[in-house]
Amino acid sequence: MSFALSGLGVTSGIAIGRVHRLTPGELFIPEYHLKPDAVEPEIERLQHAFSRGDAFLKSLLGRLDDGGGETARELLEAHRLILRDPMLIEASESMVRELRINAEWALVRQTEILQAEFRRMADDYLSLRREDLEQAISLVQRELADQPATLIGSQVPHELSDTVLVASELGPAEMTVLAQRKVAGLITEHGGPWSHSAILARSLEIPMLVGVPHALELLSEDETVILDGHYGAVLANPDEGLLGHYRDKREAWQRRLLDLRRYLVRPSRTIDEQPFTLLGNADLAPEFERCRNAGVEGIGLMRTEYLYLGDSLPDEDSQYRAYRAGVERMQGRPITIRTLDVGGDKLPAELAFTQGPNPALGLRGIRLSLAMGDLFSQQLRAILRASVHGPVEILLPMLTSRDEIRLARAAVSRCREALRGEGVHVDPELPIGGMIETPAAALIADELAEELDFFSIGTNDLIQYLLAIDRSDELVNYIYDPSHPAILKLLRSIRDAGQRHNISVTVCGEMAGNERTARLLLGLGLTRLSMPPALLPAVKRSLVEADAGQCRRLVDRYLSGGSAQISGQSLLDALNDSTSAT
Amino acid sequence: MIERPITLVNRLGLHARAASKLVQTASRFESQIWIERDGRCVNAKSIMGVLLLAAPCGEELLLRTDGEDEEQAMAALRALIDSRFGEDE
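Chains as they are written, first to last, in my numbering: chain S, 1 to 582; chain V, 1001 to 1089.
Check each hint, because a few of them may be wrong.
[Unchecked claim] Beyond 10 Å from chain V on every Cβ pair, some chain S residues (computed):
no., residue
1, D85
2, P267
3, D470
[Said to hold, decoys possible] Some chain S residues close to chain V (C-beta under 10 Å, calculated; not the full set):
no., residue
4, I29
5, L81
6, E90
7, M121
8, G192
9, L490
10, V544
What the hints contain is simulated information worked out from the structure, not anything from laboratory work. Cβ atoms here follow ideal geometry from the backbone N, Cα and C, with glycine treated the same way.
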């Protein structure tokens, strides 16, 4: 019987595949760092897991009928040898000890190392089968997860390109695994468009639907489904006609993506030779990879909020490792790290007191950091330590005054001095920039420019604060309009201030990542844009095919009186028709 | 510590099944046991280490045992290798 379910599409893609339901019994491998005193207990936990896995195999061997299957016996014996292998056990233990990582993670890493070694061996006959190693290791992982193996225990398959995964909710760690296994599509019962998994799905271009109630009960294992992200629909058991229609649609969508990617290798110049700069927004490891592969000149915005959204505050070392991982992934291209900017999200208990009556206008961004000096120092130390490994810039959010910058700079200097005492030498010229996202900051941009090394314009907040509307309020969100003349005038004046003081101005809100409004920015002379990696190809095409001079003339005319005659929408239409795609 | 050169005489060399037998035999002893080939030295109680040696027939290996029962360990391993791991040829 065919039927349809509805939810919220977080990407506009289409997926066709068989349902795999991720029921709570399945394993995901957690990865985290350990406090020093947790290392020895963790090693014991690992040893116990190995010996319990081995005991499980032994009990299976004991049950094997002597007449039945030498192959099964040999296989189990081979697995037992693997589980007692010092190259696996001792090496994993020393990883736990030296890298201070949890047992599961150490095991994953050591297994990868061994598999790489075996892959290098040319002779199939001599080489250990990859599956043997994986199956044996999965027994240990099950023990570590306190979900001992059973004979019917299932796991997430390795190849998911034909699979639409259905889950209650997905975390970022799980998303990373699923993305690596090239899952075709995702359906979750819970979660919203801004949950971590949704943001990641957008950035990884995985078709995904969130908020599909009872999907786990209503969809059966192995059933064929169509996931239509554009209409937010799941079509279960479709007939051949519908399948054919969607296969064509999917193909067209994939062709478009491929077409767009070709623009990534083109030089960043408009048709009239105006150079522009594309940067990436990235928080998590796969996003850094994708930005680098898309050829960005750097990371314009690394948000750090996700580090703080757990149950407790992150320590300096875990932050340092996250920042350093980003720095190293960009291989010498600069990354701009924005200090903590929580406001209204789910916060760890230690920060719950910051929830005022209106989070958007409350203790957030730089205000929170300056109010909690220890928290700020900890983050700055982690950023400065990471800056030793490659070019880093610090970005201060929610500025409204010069004093905030001076206080923040003093905090940076104190941390730098303290680090020098510990033998860590940080570049004294490390650039410190500010977010221009409040009307106040925009209006005193000239003053702020004297204190800052660069500007970064957060258009989402700037538009909301300037037009005095909350976008999530359906009664007024129609007023949200990036082409509002007040916005354009303010953007231009920020750009002019940057130019007068010879500092760079980057736009990192949604306006930068939209192919239509990117031309509006080009017309305003804002040519440094930062956006999520998935949006880079379309914006690059839009700018490569734009006539910058023509865009400037259209925006100039609009701002010098034209806005009385034509709407912002007509301006956007004109900007995007002004040059034909050749 | 004892050190002895030994030549693989079975046709297939240290393939998967032979390696398993070698590791199982080595694991019965307390001594530390090492096999060296071409300057690469592995723990004889590690199935993956032994497989990674990828030693073919006719190859000369260096066997090293060290510990209380090093004599017995050396004798058992030599016997196993000389008997071609129980294979027909």
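Taking the hints in turn, this is what the structure says about them:
1. D85: violated, 5 Å
2. P267: Fine: 47 Å to the nearest Cβ keeps P267 (chain S) off the interface.
3. D470: holds, 59 Å
4. I29: Interface hint status for I29 (chain S): violated (21 Å vs cutoff 10 Å).
5. L81: holds, 4 Å
6. E90: holds, 9 Å
7. M121: Hint holds; M121 (chain S) Cβ to chain V Cβ min 6 Å, cut 10 Å.
8. G192: Constraint on G192 (chain S) not satisfied, violated at 46 Å.
9. L490: violated, 63 Å
10. V544: violated, 50 Å
Checked against the numbered hints listed earlier, the structure breaks hints 1, 4, 8, 9, 10; every other hint is satisfied.
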